[in-house]
Amino acid sequence: MRSRLPLSIMNHLEYVCVCVCNLDFKANSPLIQRSEQLPTYIHYAVAYTHSDTHSSCSSMALHVCVRSLLSTNGLRLLNIPLGVRLQPKQADLHSSSSLGSKVLLHFVNQSGTKTSVNAAEGESLLDVVINKNLNIDGFGACEGTLACSTCHLIFEDGVYEKLDSVADEEMDMMDLAYGLTKTSRLGCQVIVECWMDGMTVRVPQDIKYQREAQEVKNKQ
Amino acid sequence: TKIHHNIKVLVVFSTAVRKLSLSSGSRPKVCIVGGGPAGFYTAQHLLKAQDDVIVDVYERLPVPFGLVRFGVAPDHPEVKNVINTFTQTAQHERCFFHGNVNVGVDVTVKELKKAYHAVVLSYGAEANRCMGVPGEDLAGVFSARDFVGWYNGLPSNQKLNPDLNCETVVILGQGNVALDVARILLSPLDMLKKTDITQHALEALTASRVRRVLIVGRRGPLQIAGTIKEVREMINLPDTTADMLPADFKGISETLKGRNAEQNSGTYFCFPCVSLPQGSGEDAKAVPTGQMEDLECGMVISSIGYKSLPIDPCVPFEHRGAIIPNDMGRVLDTAGLYCSGWVKRGPTGVIATTMNDSFDTARVLLKDMKEGTLDLSVNKPGAQEITALLQERGNTHRNTQKKKNADCTLFSRKKNTLLTNSQKFKTF
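Taken in sequence, the protein lines are chains A and B. Just so it is clear: in the first sequence, position 39 is 20 by the working numbering, and no numbers are missing. Count along the second sequence from 1, then add 5; that gives the number in the working numbering.
Because the hints were derived from the structure by calculation, they are not lab data. Treat each hint with caution, since some may be false.
[What the hints assert, rightly or not] With the Cβ distance kept under 7 Å, some of the chain A side facing chain B (calculated, not the full set):
| # | residue |
| --- | --- |
| 1 | Glu104 |
| 2 | Cys129 |
| 3 | Ser130 |
Virtual Cβ for every residue (Gly too), placed ideally from N, Cα, C.
Given these sequences and hints, build the entire structure.
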């Protein structure tokens, strides 16, 4: 099983504690397939690449690692979005009922409508949009697996700088996003944290709405 | 498989007819031709925006989802997650899926226009572009489309039987489809075993002697149609090495320096080029140098693009670009006819591109409804009339309770090893 890990990861290993959010490992959960010793919430030591050029972790590498580790415990990783956060020191036990404090976020959709929601620390912005049923067209088509660019969000300058650096796989997908900006990220890769309280994120404005707005202007 | 193409009895697979509490006579009725991403995204947007519209999706195959099912590589199951959102759309109480209906053959577009307030053509691109070079019809020359259909379980490609008893395969074209084919040909078998690739393809690939795949293009590294993710996958494929010609990279770093940081997000790799590009950027043209090189191989796969075909004489078609001429989704010179997806703008782009495009068409349609361009005051019979027509013509209309059962019984495919938690994702 170990030999399935990519060579680059095998060569440079460092262990950190990763709190794998949004995974409900209760015994009768349909996500778990036959495992006898089930802790209610699980922490995993995950290997990540530590290269000289960048210290950010490749999300794909993480997926591979988490999958491998889960399978040794008789568990399977199913295709649900991972709200993964890298924490070098803390190994917090989160219960699903109190996933950290509430964070106020504002979402502006394709037609300019702003919706404010209270998100839980630790969920990804994709989770927030889905769980709060926000009216954003076609958000999250691949369900957080870095296979599309539909959860593309535009951040404010100050906020963007404080976000974790972009992994290659996310960058690859963002390349294909419509209306990409210098402060764009994919929502499935950004985890809600306390300091984001009050931030506004938006999706690219609709061409259609821009056109119509222009038509109205022209008629006046 | 239970589908017999020759006999007259056609079986229509439809979602169960649900009783609508109000009479459905007065509601706006829209017909969508094509049950792939374009069709479903258009349906999704219409259903969400207008709470009385009824949408009927007609699909030629018995099962929906088009290229998401039959075109996405088996080792990219995440891309197929969109099926969950499409399934929800199909299960919407005002949406009905009708499989095994070949529009243009079993029923005409004119008849659809008569039965519905609006018809949206989203039938994609079912043919391939031809190279127009001698030898294209030789045995051992396949279109990438057919090859992909073969390993993905498309019934019409089941008997393709590509002969993988050769060492070298040449793929013409450098788009994502070409890269997918190369990757499937060279992937380690234990990786392929975990995917939902068809059994017969897996067996053929197990016995395959192919060791070298050449991906050939006309222009340079900056012009390849493939995206970075697929190129990266190819480079990182276990037990394979990527071979590139240094000459192809002359001048690339200078060109890249001049571009914005935003655009330059990765390293570019190339595969053997047929000629040198003249000009730069996306407008670079391929200019023949007169040099010839003979490449010995056992198979050629042509992957230079898909192509749409005209569906019906009453629908205008622009043969040069192989699309339906339209203005923002409204088919030109024809009232009540719209188009979305590849048949509207050409067969390029990823699912997200099609999604945005389909939403655009839906918006235009809704606008026309609102402004009276589409006359909603007339009641239209919708599926009732079409179903009656099909039955007259020898269709046995069968309602299946669950579309998914049909999926499992009709095609023998390896079970998908990844499960998805679709309940978490609600579109409505």
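Here's how the hints hold up against the structure:
no.: 1; hint: Glu104; result: violated, 12 Å
no.: 2; hint: Cys129; result: holds, 5 Å
no.: 3; hint: Ser130; result: holds, 5 Å
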